[in-house]
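Colleague: Sequence:
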Amino acid sequence: MSAPKLNATDEDDIKVEDRGAMTSGAEYPLDQSVTKLAGDVAYGRNGVRGIFSSGPYILSTALLASLGGFSFGYDQGVISIINVLPQFHAVIPRAATAFGKSFMTAMLLLGCFVGCWFFPYIMDRWSRKTALLVSAILFNIGGIMMTAAHDYGTLVAGRAIGGLGTGTLALGAPMYISEVSPPNLRGTLLVLESVSIVSGVIISYWISYACKDIQSSAAWRVPFGLQLVSATILGTMIQFYPYSPRWLAMKGRTAESLASLCKLRRLPECDERVQTEYHGILAEVAFQTAVQERRHPGLQPGGLKLELALWADLFHKKRWRRTAAGAGVMFFQQFQGVNAFIYYAPTLFRNIGQSEEMSLILSGVFNCFQLVGVVIAFALIDSWGRRPLAIYGALGNMGCYLIISALVGTYAGNWDNNESAGWACVAFAFLFITIFGASYSPLGWSLPPEVFPVSIRSKGVGLAVATTWLSNFVIGIAVPPMFEQIGYGTYVFFTIFCAMAAVWAFFLVPETKGKTLEQVDDAFNDNTGEEEQQVMQMLANQGRLGMNGQSPVK
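Counting from 1, one number per residue, gives the positions in the sequence shown under the numbering used here.
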């Protein structure tokens, strides 16, 4: 797609303070379908009932893409019981040491982190669908290596390669969902990513639990091997689903963009709602392309210098709040300690006085409570909104950790004589994961795709997901020695970060509920909305913004 060229006169015309007739539309009236770019496109009801009334196509598309989250969740949950299996340690003895266990667990997350930095390029260059296919292939290569491993090095390498696929599956899936979803259903559909992640954790955990008594290496090879199923289905079936209309528009394939949108909405091209959304997509792409060239004149599209410049754009003074919101939610999602429980739950429950068998059972039940919270969010996120979930979710988690810290600090080492205190810790751990499941679990995957404009969305979501993997890596490495050295202080540590999350959400997270991806611009109060209207008016005046269903974007 050739970017619209901005000359010096154009740049004078689009300064924010230079409004005049351009913004009034008196001299150059702008088509109403374009000016409605930031308006709501009403396709039907919100929430779960809206999904089912929209027909099976949207739901099946989102469910298929959410298999990426399921694959990630499976890889998270499967290691919890395997970490304590003697059959596993008999074949891989180095994994029995504290460092060997934490390093092997965390290598998956390091692979995820690395993948997030180059997969946005694949998503922009070859499409979200192709990126998901490549991710599924890498995921399966890593899964095969883990399943067949006979030494620690092969296992760690398999975890790292699988991590490349896992991280990018979790990156590409929410972006694809956000770009194919109707505005009124986007939040609910994005929560499917969290539902899928938690479902993957639960299913893999109970599969591992069912296999734990097998008296051979099959006790851990079978759970490792079954992770190949979901990624194979995703990589194969996603090829039969539509390309993202926004990605097609970015590549100049406007006729295909409209056809894809009609297919997703199950409506004809002449439908006013389809035309409104379609013109909004074209206008946003034309606007972002023009602004991109204005910001970085002379840089070749697709070149390395432009790629680096686009990454730097995330930290521009006009966009830092978007980055703080998108990456911040992922940071605080991990530093509230959820994966400390998921990875090491059996050990943590043993440390508060539970028997070995009861610790395994409680660990599985713990994951089920997270699913309860996510299902609540799935039903209500588009009614509650993102901002209240971020603020009150963090405060609720802080309260749970505060009580657990006090109980562990008081009764550690004397649980046999204080069983009720131990069970109180279990109860507040369950309450914590339920609150987390209803707040930061879905927010981590639904908020980042909503806060970045289309020209830097893949980079922004990539940074956000890279943040969660790096944070997750730190948690995976640090938690075992933290519990050994500071005991209940570990819970105090997570209490402090929950409080910080509430402060961050109060000052930096705007409400994005029910807004189109384009309307989110206004929520950040960064003057992008004013500049957008002026740039789009200029493009329309020059004949570069499509009208009446046609676009000159090539």
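Keep in mind that the hints are not guaranteed to be accurate.
Distance condition first, Cα-Cα at most 25 Å in a straight line; then the derived BS3-like pairs of lysine-lysine [claimed, not checked]:
| no. | residue 1 | residue 2 |
| --- | --- | --- |
| 1 | Lys317 | Lys515 |
| 2 | Lys129 | Lys263 |
| 3 | Lys513 | Lys318 |
| 4 | Lys318 | Lys305 |
| 5 | Lys263 | Lys251 |
| 6 | Lys129 | Lys318 |
| 7 | Lys212 | Lys251 |
| 8 | Lys263 | Lys515 |
| 9 | Lys305 | Lys317 |
Per label pair, the in silico range of CB-to-CB distance [said to hold, decoys possible]:
| no. | residue 1 | residue 2 | range |
| --- | --- | --- | --- |
| 10 | Ala96 | Lys317 | 28 to 34 Å |
| 11 | Gly225 | Pro268 | 42 to 48 Å |
| 12 | Thr236 | Trp320 | 38 to 44 Å |
| 13 | Lys263 | Arg49 | 34 to 40 Å |
| 14 | Ile486 | Gly225 | 35 to 41 Å |
| 15 | Phe52 | Val365 | 37 to 43 Å |
| 16 | Lys263 | Ala96 | 50 to 56 Å |
| 17 | Val365 | Gly252 | 49 to 55 Å |
| 18 | Ser420 | Trp320 | 33 to 39 Å |
| 19 | Pro56 | Gln300 | 19 to 25 Å |
| 20 | Met237 | Trp320 | 26 to 32 Å |
| 21 | Ser53 | Glu419 | 48 to 54 Å |
| 22 | Ala98 | His150 | 19 to 25 Å |
What the hints contain is simulated information worked out from the structure, not anything from laboratory work. Using N, Cα and C, we set each Cβ at its ideal position, and we do this for glycine too.
Colleague: Confirm or reject each hint.
Modeller: For each hint, the structure was consulted:
1. Lys317 to Lys515: holds, 23 Å
2. Lys129 to Lys263: It holds: about 16 Å lies between the C-alpha atoms, which stays within 25 Å.
3. Lys513 to Lys318: holds, 22 Å
4. Lys318 to Lys305: At roughly 21 Å apart (the allowed maximum being 25 Å), Lys305 and Lys318 satisfy the hint.
5. Lys263 to Lys251: holds, 19 Å
6. Lys129 to Lys318: The hint is violated at about 31 Å.
7. Lys212 to Lys251: Not OK: Lys212 and Lys251 at ~50 Å, beyond 25 Å, violated.
8. Lys263 to Lys515: The given pair, whose Cα atoms are some 22 Å apart, holds under the 25 Å limit.
9. Lys305 to Lys317: holds, 20 Å
10. Ala96 to Lys317: 28 to 34 Å: This hint is violated: roughly 50 Å between Cβ atoms.
11. Gly225 to Pro268: 42 to 48 Å: Holds, at about 46 Å.
12. Thr236 to Trp320: 38 to 44 Å: The hint (38 to 44 Å, Cβ to Cβ) holds, given that Thr236 and Trp320 are roughly 40 Å apart.
13. Lys263 to Arg49: 34 to 40 Å: violated, 22 Å
14. Ile486 to Gly225: 35 to 41 Å: holds, 38 Å
15. Phe52 to Val365: 37 to 43 Å: With a Cβ separation near 30 Å, Phe52 and Val365 fall outside 37 to 43 Å, so the hint is violated.
16. Lys263 to Ala96: 50 to 56 Å: holds, 53 Å
17. Val365 to Gly252: 49 to 55 Å: With Cβ atoms ~52 Å apart, the hint holds.
18. Ser420 to Trp320: 33 to 39 Å: Given about 48 Å between the Cβ atoms, the range is violated.
19. Pro56 to Gln300: 19 to 25 Å: violated, 43 Å
20. Met237 to Trp320: 26 to 32 Å: At roughly 39 Å between Cβ atoms, Trp320 and Met237 fall outside 26 to 32 Å, so the hint is violated.
21. Ser53 to Glu419: 48 to 54 Å: holds, 50 Å
22. Ala98 to His150: 19 to 25 Å: Holds - the Cβ-Cβ distance for Ala98 and His150, about 22 Å, lies within 19 to 25 Å.
Hint compliance for this structure: hints 6, 7, 10, 13, 15, 18, 19 and 20 are broken, all remaining hints hold.
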